[in-house]
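Engineer: Sequence:
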Amino acid sequence: MIRIEYQRQVDEEISPEELEIQDGAMYRSENNGPTLQTWPQIIGISQIISGFITAILGILEVFVIPLIVDPAREDALHLGKDNCFGAGLWAGFLMILTGSAATRASISKRASSVYRFFNLTILTLLIYAFLSVLLIVGYGINWTTHDVYQNSAREGIHLFVTLSTELGLLFALTAFLKYYRVVLLGEFGLLSKWITCFIDCCVPVCILNLQSNRPPDRCIPDDAMVI
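No gaps in the numbering here: position 193 of the sequence shown is 192 in numbering that gives the first Met the number 0, and each next residue is one more.
Worth flagging that the hints you see were computed from the coordinates, not collected in a lab.
There's no promise every hint is true.
Calculated cross-link-like contacts (lysine to aspartate or glutamate; reagent style EDC-like; alpha-carbon spacing at most 20 Å) [claimed, not checked]:
1) Lys80 with Glu186
2) Lys108 with Glu186
3) Lys80 with Asp69
4) Lys80 with Glu165
5) Lys80 with Asp146
6) Lys177 with Glu165
What follows is a list of derived Cβ distance ranges for each label pair [stated by the list, open to error]:
7) Leu190 with Phe129: 16 to 26 Å
8) Pro70 with Lys108: 44 to 54 Å
9) Thr37 with Ser99: 46 to 56 Å
For every residue, glycine included, the Cβ atom is placed at its ideal position computed from N, Cα and C.
Generate coordinates for the entire structure from the input sequences, incorporating the hints supplied.
Structural biologist: Below is the structure:
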């Protein structure tokens, strides 16, 4: 009986608006703050694994294999067209960072961690899209073709770097599509925070510029005759 009365009191205190579920991904938390129904823990772990694989492949392509094949060559270690300027290294390290942010957001369950995770997701998505285009263009303009590598193991490693980068792009796109309605446009209101930050950064600068260009006010002496 006491449990029924307590449940009835709790139901009366929580309004239907507070219990509204948005796109199946929101629910009311104990601290009345925005939260997620599905936390990005699995996505974060997948991103970390993908990032480690891509980073290891990038290290093999840029550092290990060139030293094994031709250690006496002066430019054996370099970021150039034949490895697409170390695309695997940058992609791998960035994906590890994004996956770590996703895992941290799942553990801490704080809005600030969710903001950090989604901002990194957008950054990763943009950079991975650029690197994917760079890798594909590299094949098209003969940067990374068979003749360039001369039967070296770097050819196979670079192919795996390309495939791993494309897979990482899918992980980043999945995270963005899964959480953009909730985090960017929903209760988290990240888009409105971006706009507020932009206004706070730009409007004071414009006001200072207007004030600096305005002519100085003329001072009227206290004993001046007023007609």
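Engineer: May I ask which of the numbered hints given earlier this structure violates, with the numbers listed in increasing order?
Structural biologist: 1, 9
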